[in-house]
Amino acid sequence: MKAELAVVPTIEFVAVLAAAFSGFAEARKKQMDPVGVFTVAFVTAFGGGTLRDLLLDRRPFFWVQHVEYVVLILVLTLAATPLLRLARRVVPETAFVLADSIGLGFFSIAGTSVSLIAGMPFIVAAIFGVVTGVCGGLLRDVILNEVPLVLRDGKPYALASFAGCWFYLLMVQAGAPDPLALWTSAALIVAVRMIAWRAQWTIK
Amino acid sequence: MKAELAVVPTIEFVAVLAAAFSGFAEARKKQMDPVGVFTVAFVTAFGGGTLRDLLLDRRPFFWVQHVEYVVLILVLTLAATPLLRLARRVVPETAFVLADSIGLGFFSIAGTSVSLIAGMPFIVAAIFGVVTGVCGGLLRDVILNEVPLVLRDGKPYALASFAGCWFYLLMVQAGAPDPLALWTSAALIVAVRMIAWRAQWTIK
Amino acid sequence: MKAELAVVPTIEFVAVLAAAFSGFAEARKKQMDPVGVFTVAFVTAFGGGTLRDLLLDRRPFFWVQHVEYVVLILVLTLAATPLLRLARRVVPETAFVLADSIGLGFFSIAGTSVSLIAGMPFIVAAIFGVVTGVCGGLLRDVILNEVPLVLRDGKPYALASFAGCWFYLLMVQAGAPDPLALWTSAALIVAVRMIAWRAQWTIK
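Protein chains in written order, with this note's numbering: chain U, -18 to 185; chain D, -18 to 185; chain Y, -18 to 185.
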């Protein structure tokens, strides 16, 4: 929890916003009504962390402690269509992918850190890190009635997260101070994901 | 919990039955076998409340305390096909929609009340009310491999629930006695849902 | 928990392996990448027990206590395609169905036993037994975007589990020693499932 709270709020804000926007985009593609748009954005942003906390039997959830994020998604839902159009025109695609990568990196390492504090063995902590990082998108796809992208597109998305989580665990094991381990590993995930995106790596 | 228990058993019975019947109808449409029919009816009736209790870390579940409802759904499953046909011929559609609305109203307010007692902030209590009211149907649709109706048909189903939950919270905040707040808000949800159905409101 | 631990590790190993293999086969059919193959095998093997433990509010999960199984599935994933091809050629179909039946029998009775110890009423313990036995496959199908096979193919899969769970409960109630009740009921499930498979029983 310490690790989660220690992260600069700006990064956290970017991560939540990136996840919510990916939810907006998918929900709009599927012709959802406003209730659907809000639900899908909410699940994409908080589903991974909520599932992790359910598995760890940990309360309160992140979004219960930070209801301002819930209000933000509620407000953004009302403006989702024009906002998305504007964002697509103004923001270059690289910025979108970068925001998404920051989300992946931040959520994954926060998830691993929380699991480690809860006494999980290393491999379980790494898996819970991946769950935190990617299960928001997985639940989004299940609700939208699609085979989850993360399980079939061959892009090293979950693998980047898994590698970063292990890197974090090894740094902590080696005695590195927690903030250093956290930032290095999250940065590693962002870097791997961005390079993989540029180079169009696939592992299929 | 008090609020939940205070509700007249007849209303509760109507709510559970309405949800189970909607599950029977959907499962039959999808050609499920008896195991599927039971599962889908069960999930539609108790899925929302069970998900809420999981999120609140609250035990025992409603249906574990009232196993008579589980037995009832088990017995009804065996007679689902003839029963559905009979019900469709004898009962006017308005009665079906009314029963369903009562389910929505009762489950939503009960969910909000329970969440408030569990110490949730207002907006989270309202969201958990909606979860209790609509997630049974949402889980039913996910199992039946469809994009959940509640997220895409533009009918103010979840919105009626959300509005009613806030009305309940404001009444409680204003010092209204709990039974009054509960009955007024549930009635409000039923009324909005019935009017929206008659007038064919959509919010898309 | 005692009952679970009392089961000979070989049986447990066969049950987990059978479930994982069914996950491998389905994931490959759907053209998943390695991340998908691992996730689907993992969910098929541990999804039912994890869902039961979530509902019972019980920790740690089986697979958190036995991380060697997680490592095993991770290793098998890397060799899934050639392994599956080899297994299909070398192992007769009867052996596959038998392994799957042993999984169903073992997981179902273990789930009932655990629920009984947690103080659940008989009917709930029987339902949690079925959840433990079949929900791994159900969650696998939901993730793979299919209507769950167990709910629609008319094969007495969940029913065999349900009958066996009640048999176990009645034996325990009648004062039978736990290991006897466990082995007899699990054997009953395996027998019913194998006979139903041979005779192509359907209940639709």
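Misleading hints may appear alongside valid ones.
As the list claims (entries may be wrong) - Which stretches of chain D does chain Y cover? Using the computed rule of at least three CB atoms under 8 Å from a CB of chain Y, they are:
| # | region |
| --- | --- |
| 1 | 46 to 60 |
| 2 | 88 to 95 |
| 3 | 118 to 125 |
| 4 | 169 to 180 |
For the record, the hints were derived by calculation from the structure and aren't laboratory data. Here a beta-carbon is modelled for each residue, glycine too, at the ideal position from N, C-alpha and C.
Each hint, compared with the structure:
For the region 46 to 60 of chain D, the stated coverage by chain Y holds: 3 residues have a C-beta nearer than 8 Å to a C-beta of that chain, and at least 3 were required. Given as covered by chain Y, the region 88 to 95 of chain D fails the check, having 0 residues with a CB less than 8 Å from a CB of that chain where 3 are the minimum. Here the region 118 to 125 of chain D counts 3 residues with a CB under 8 Å from a CB of chain Y, which clears the bar of 3, and the coverage holds. Counting residues of the region 169 to 180 of chain D whose CB lies closer than 8 Å to any CB of chain Y gives 0, which falls below the minimum of 3, so the coverage claim is violated.
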